[in-house]
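Chemist: Take these sequences, add in the hints, and give me the full structure.
Residue numbering for the sequence shown follows the numbering used here, beginning at 4 and increasing consecutively.
FYI, nobody ran anything at the bench for these hints, they're computed from the structure.
It is possible that part of the hints are untrue.
Unchecked claim - SDA-like cross-link-like pairs, simulated, lysine to any residue; straight-line CA separation at most 20 angstroms:
(1) LYS83 / ASP71
(2) LYS83 / ARG41
(3) LYS48 / GLU60
(4) LYS122 / ALA88
(5) LYS83 / GLU117
(6) LYS48 / LYS83
(7) LYS122 / VAL111
(8) LYS83 / GLN123
(9) LYS83 / ALA56
(10) LYS48 / ALA36
(11) LYS122 / LEU106
(12) LYS48 / ASP82
(13) LYS48 / GLY84
(14) LYS83 / PHE120
(15) LYS48 / ASP31
(16) LYS83 / ARG63
(17) LYS83 / ARG57
(18) LYS83 / ASN118
(19) LYS83 / ARG116
(20) LYS83 / ARG50
(21) LYS83 / GLU61
(22) LYS48 / ALA88
(23) LYS83 / LEU46
(24) LYS83 / LEU49
(25) LYS83 / ARG42
(26) LYS48 / GLY32
(27) LYS122 / GLU85
(28) LYS83 / GLU60
(29) LYS83 / ASP31
(30) LYS83 / LEU121
(31) LYS122 / CYS98
(32) LYS83 / ARG112
(33) LYS83 / LEU94
(34) LYS48 / LEU38
Stated by the list, open to error - Listed next, with one range per pair, are the computed distances between beta-carbon atoms:
(35) ARG35 / THR87: 29 to 35 angstroms
(36) VAL37 / ASN118: 16 to 22 angstroms
(37) ALA45 / ALA97: 22 to 28 angstroms
(38) LEU121 / THR34: 40 to 46 angstroms
(39) ARG114 / ASP53: 22 to 28 angstroms
(40) ALA45 / TRP119: 24 to 30 angstroms
Predicted model, so just to flag it, every value in this text is computed and none were measured.
For each residue, glycine too, the CB sits at the ideal point set by N, CA and C.
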Amino acid sequence: MSDVRRHPRAPFENAHEHDKHEDEDERDGWTRAVLGLRRARALRKLRVFDGAARQIEEVRASHPRYADMLFESALLWLDKGEPTAATEAFLDLACVDRSYGELREWLVRTRARENWFLKQAPLQQPVPTSV
Numbered sequence: 004m005s006d007v008r009r010h011p012r013a014p015f016e017n018a019h020e021h022d023k024h025e026d027e028d029e030r031d032g033w034t035r036a037v038l039g040l041r042r043a044r045a046l047r048k049l050r051v052f053d054g055a056a057r058q059i060e061e062v063r064a065s066h067p068r069y070a071d072m073l074f075e076s077a078l079l080w081l082d083k084g085e086p087t088a089a090t091e092a093f094l095d096l097a098c099v100d101r102s103y104g105e106l107r108e109w110l111v112r113t114r115a116r117e118n119w120f121l122k123q124a125p126l127q128q129p130v131p132t133s134v
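Modeler: What follows is the structure in structure tokens.
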């Protein structure tokens, strides 16, 4: 007679070890996400926007609702001079966590910058010259 038949719970004896490994994997995933976000923040502050964007996308792939990542993404868009994309990122953050620190103020600032950019756009277009 096999051990499974004698002890019907035998296959589950080591289940706690399996859960322990899943907890460690989850913890490692969060550790990677936090470290990736820190790298993204540092790269953004150094104005290495492509590197920062890659870090944010790596974090987004594993933790798409990570509020700090969404906030950092919005700041990256602002620093890149893309206020419309920043507004969208802040709105994504609002869907995840409406009470995120100073979110309303950031949305107001971003909308103001977006309006300013829209007003400046016609001024920045080159004037056609006639030949």
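Chemist: Hint by hint, note whether the structure agrees.
Modeler: Taking the hints in turn, this is what the structure says about them:
With a CA separation close to 18 angstroms, the supplied pair LYS83 and ASP71 stays within the 20 angstroms bound. Using a Cα cut-off of 20 angstroms, the hinted pair LYS83 and ARG41 holds, with the two alpha carbons roughly 18 angstroms apart. A threshold of 20 angstroms between alpha carbons decides the hint, and for LYS48 with GLU60 the separation of about 17 angstroms falls inside it, so the pair holds. For the hint linking LYS122 to ALA88, the alpha-carbon distance of about 17 angstroms falls within 20 angstroms, and the restraint holds.
As the CA atoms of LYS83 and GLU117 are separated by approximately 13 angstroms, the hinted pair is consistent with the 20 angstroms bound. In summary, the hint linking LYS48 to LYS83 is supported, as the alpha carbons are separated by about 11 angstroms, within the 20 angstroms threshold. Between the alpha carbons of LYS122 and VAL111 the distance comes to roughly 17 angstroms, so the proposed pair stays at or under 20 angstroms and holds. Taken as a hint, the LYS83 and GLN123 pair is honoured in the structure, with Cα atoms around 16 angstroms apart against an allowance of 20 angstroms.
Of the supplied pair hints, the one linking LYS83 and ALA56 holds, its CA atoms being roughly 10 angstroms apart against a limit of 20 angstroms. For the hint linking LYS48 to ALA36, the alpha-carbon distance of about 18 angstroms falls within 20 angstroms, and the restraint holds. Restraint check for LYS122 and LEU106: the C-alpha separation of about 24 angstroms exceeds 20 angstroms, so the hint is violated. Distance hint between LYS48 and ASP82 is fulfilled; the C-alpha atoms sit about 9 angstroms from each other, no more than 20 angstroms.
Restraint check for LYS48 and GLY84: the C-alpha separation of about 14 angstroms stays at or below 20 angstroms, so the hint holds. For the hint linking LYS83 to PHE120, the alpha-carbon distance of about 13 angstroms falls within 20 angstroms, and the restraint holds. With a C-alpha separation of about 26 angstroms, the suggested pairing of LYS48 with ASP31 is violated against the 20 angstroms cut-off. Taken as a hint, the LYS83 and ARG63 pair is honoured in the structure, with Cα atoms around 19 angstroms apart against an allowance of 20 angstroms.
This hinted pair checks out: LYS83 and ARG57 have alpha carbons roughly 14 angstroms apart, not beyond 20 angstroms. Under the criterion of a C-alpha separation no larger than 20 angstroms, the hint pairing LYS83 with ASN118 is consistent with the structure, at around 16 angstroms. As the CA atoms of LYS83 and ARG116 are separated by approximately 12 angstroms, the hinted pair is consistent with the 20 angstroms bound. Restraint check: the Cα-Cα separation between LYS83 and ARG50 comes to about 9 angstroms, which is no more than 20 angstroms; the hinted pair holds.
Our distance criterion of 20 angstroms between C-alpha atoms is met by LYS83 and GLU61, whose separation comes to about 19 angstroms. Of the supplied pair hints, the one linking LYS48 and ALA88 holds, its CA atoms being roughly 18 angstroms apart against a limit of 20 angstroms. For the proposed pair LYS83 and LEU46, the alpha carbon gap of about 12 angstroms is at most 20 angstroms, so the pair holds. The straight-line distance between the Cα atoms of LYS83 and LEU49 is roughly 12 angstroms, inside the 20 angstroms bound, and the hint therefore holds.
Only pairs whose Cα atoms come within 20 angstroms are accepted, and LYS83 paired with ARG42 is accepted, the gap being roughly 17 angstroms. For the proposed pair LYS48 and GLY32, the alpha carbon gap of about 24 angstroms is over 20 angstroms, so the pair is violated. As the CA atoms of LYS122 and GLU85 are separated by approximately 14 angstroms, the hinted pair is consistent with the 20 angstroms bound. The suggested pairing of LYS83 with GLU60 holds, with an alpha-carbon distance near 16 angstroms, which does not exceed 20 angstroms.
Restraint check: the Cα-Cα separation between LYS83 and ASP31 comes to about 31 angstroms, which exceeds 20 angstroms; the hinted pair is violated. Using a Cα cut-off of 20 angstroms, the hinted pair LYS83 and LEU121 holds, with the two alpha carbons roughly 15 angstroms apart. With a C-alpha separation of about 29 angstroms, the suggested pairing of LYS122 with CYS98 is violated against the 20 angstroms cut-off. For the proposed pair LYS83 and ARG112, the alpha carbon gap of about 15 angstroms is at most 20 angstroms, so the pair holds.
With a C-alpha separation of about 18 angstroms, the suggested pairing of LYS83 with LEU94 holds against the 20 angstroms cut-off. Taken as a hint, the LYS48 and LEU38 pair is honoured in the structure, with Cα atoms around 15 angstroms apart against an allowance of 20 angstroms. Distance hint check: the CB atoms of ARG35 and THR87 are about 30 angstroms apart, consistent with the given range 29 to 35 angstroms. Separated by about 34 angstroms at the C-beta atoms, VAL37 and ASN118 break the suggested range of 16 to 22 angstroms.
At roughly 26 angstroms, the beta-carbon separation of ALA45 and ALA97 lies within the given 22 to 28 angstroms, and the hint holds. Against the hinted window of 40 to 46 angstroms, the Cβ-Cβ separation of LEU121 and THR34 comes to about 41 angstroms, which satisfies the hint. For ARG114 and ASP53, the Cβ-Cβ distance of about 26 angstroms falls inside the hinted range of 22 to 28 angstroms, so the restraint holds. Taking 24 to 30 angstroms as the suggested C-beta distance range, the pair ALA45 and TRP119 conforms, at roughly 28 angstroms.
When the structure is compared with the earlier hints, violations turn up for hints 11, 15, 26, 29, 31, 36 and for no others.
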